[in-house]
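Those protein sequences? They're chains G and E, same order as listed. Going by our numbering, the first residue of the first sequence is number 1, and it counts up by one from there. Going by our numbering, the first residue of the second sequence is number 1, and it counts up by one from there.
All the pointers check out, no bait thrown in.
Just some of the chain E residues that point at chain G, by a computed CB distance under 8 Å:
no. : residue
1   : 51
2   : 77
3   : 81
4   : 83
5   : 86
6   : 96
7   : 97
8   : 99
9   : 110
10  : 111
11  : 140
12  : 142
13  : 143
14  : 160
Between beta-carbon pairs, the in silico distance windows are:
no. : chain 1 : residue 1 : chain 2 : residue 2 : range
15  : G       : 243       : E       : 177       : 28 to 36 Å
16  : G       : 166       : E       : 132       : 30 to 38 Å
17  : E       : 102       : G       : 244       : 17 to 25 Å
18  : E       : 40        : G       : 243       : 34 to 42 Å
19  : E       : 14        : G       : 166       : 29 to 37 Å
Don't read these hints as lab results, they were simulated from the structure. We put the CB at the ideal spot given by N, CA and C, even for glycine.
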Amino acid sequence: MTKLRPWEIILTLLALLVFWHIVASIAQLPILPLPHRVLLTFFKEFPQNLGIHFLASLYRVISSIGLAVLLAAPAGLILGQGPRLNRVFAPLIYLLYPIPKVVLAPIILLFLGVGDFPKIIIIFLILFFQILVLVRDSAAAIRPELLLSVRSLGAGRRALFRFVYLPASLPAVLTAVRQSIGTAVAVLYVAELFATRWGLGYYIYLNGSTLFNYTAMYAGVLAMSLLGMGLYFTVDALEKRLCRWRNLNLP
Amino acid sequence: MPMLDAHALSFSYAGRAPIFADFTWSVTAGEIWTILGPSGCGKSTLLMLIAGLLHPQQGEVTVAGEVLTRPRPRTGLILQDYGLLPWATVRQNLALGFEIRRFYGPDGRHAPSDERFENHAAKIDYWLKRVGLDQLADAYPAQLSGGERQRTAIARTLALSPDLLLMDEPFSSLDAPTRESLQTLTLTLCREQMLTVVLVTHAIEEAAFMGQRILLLKDPPHHIPRIIENPHTPDVAFRSSAVYQGICGQLRAQLSASERLAPEATG
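My request is simple: use the sequences and hints to build the entire structure.
Rendered as C-alpha cells:
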C-alpha cells in the first residue's frame, strides 16, 4: 500500500468537509445538514447519550474481536501444524468461509434472544473464519527447515509454539482483524437494529426513522465512523509496531 | 573414545527402499568429517539420524556415550537454509538458543543440566564480533546477504557451546568467495572450540577442503562405510596443494564409478 503522510490525510479530510458543506448549502435539505452543525451536535451529545451508545458498541466489537482471536488463533495454529486434522476440517471451512455471516443474524437472534451475547456472536463469526484461515495458512507456510533448526536448538513442542508458531502467526491475526473491522462495524450496525436500546446502530436508526432528528443521526454516523476508523488505525499501528520485519526497506 | 557411534543402523522412509542396512560408523572426538555423495544418496538422512531428528528402525546412535532418543542439547545443527527467525534481529536470533534453554530450565533434555543462566548477553556480544556481525546486530535476516545469514546461524549455534556440530550443505547456496571464506572461518572456529564436526556436502571440493576424513555415500542401501583419509592441513594454502588436487581426483573417480554402475542415481 502507498505510504501516506499525516498532512495528506488531514488535507483530504478538510477537502471532504468542504465538499460536504458545498453540497449541503446547495441542497438545503433537512436530511443533509451542514457539517459544522453535525460536529456541534456530536460534541454536545457525546458527553451525554451518544457517548454511552458509543461505549455499548465499542464493548460489543472489542468483545467479538477478543473472543475471535482467543478461539480462532489457537484453532488455526493447531490446523496449520497438523496436516491430517486440517484434511478433516478444510472442506468444512471451505464451505462455511464464504457464507456472508450477516445473513445469519436473524437466526442467531432468534436462537440466542436479546442481550449483548447474540450480537457479539454475529460479529465473532465474521472474524473467526478470517483469523482461522489466515493463521492456519501462515502456520502451514512455516518452512520445515526453520522448525528443524529451532528444534536443534533444544525446542520441543511448547518452545516451538512459543518461539516460532506464535510470532509467525501474529501478523496473520492482526491482518485478519484489520481486514475484518469494516465488515464487523457494518454488521454491528445491523445487529444493533434488533432487540436493544443501546448502541450506535440503535441511536442512528432511532434518530433517523423515529425522531427525524437528522443532525443527531449524522452525529451517530460520525461516531460509528470514528469507531471503525479508531479500531482500524489501532490495529494498523499495532501491526506496524509488532511486525516491523515485514516492512523493511531492503537494500 | 568415539564421540559418535552409529551401530547397525537400518533406516528407510515409509514405503521406500532401505537407505541404511546394518550400517556401522563411528567418529572420534575432535575429528572433522565430511559426508560426500550425490543427491538422494541418504547423506542428509544420516545427519538427521545423528541429530536425533529421525529415528532408525534398527540399531542405535550413541553420542558422547548416550543412546540418542531425541535431539540432544549439546549437538548443534546448521542447515543450508539458515533457519533464522525472520521476525527477529541478528542479536535476537543469536539469543534464541539461550531463550529456549531459559524457557525449559536446565532439565538435561532441552538444555544441558549444567546450564548456567548468566552472561548470555556477553556471550552473544562475543559471537557477534567473532563472526564479524557486530555492525549488523539490529538488522533483520531479510536485510542480510546469504553469507551474513549463515554467519548468524553459525554464531547462534556455537554460542551454545556445542560439542558436536552437524552441518547440512551449509554453504551450497553461497557464491564462491563467500563460500570459501566461510569454510575457512568454520574450520578455524571448530578447531578453536575443539568441536567434532560432521559436514554433509555434494561438492567434491568442499569435502576435500573441510574433511580430515571423508565418508563417501553412493547408492543406497549403505552397508559398510567407505572412508577416505585426507592428509589435511587446515589452511588456505591447502586449496592449491597437489595433495588437495589428488584427493579431489580420487573422490571424483570414486563417485563417477558408482554412476556408471547405477546411472539413475544422478543429480
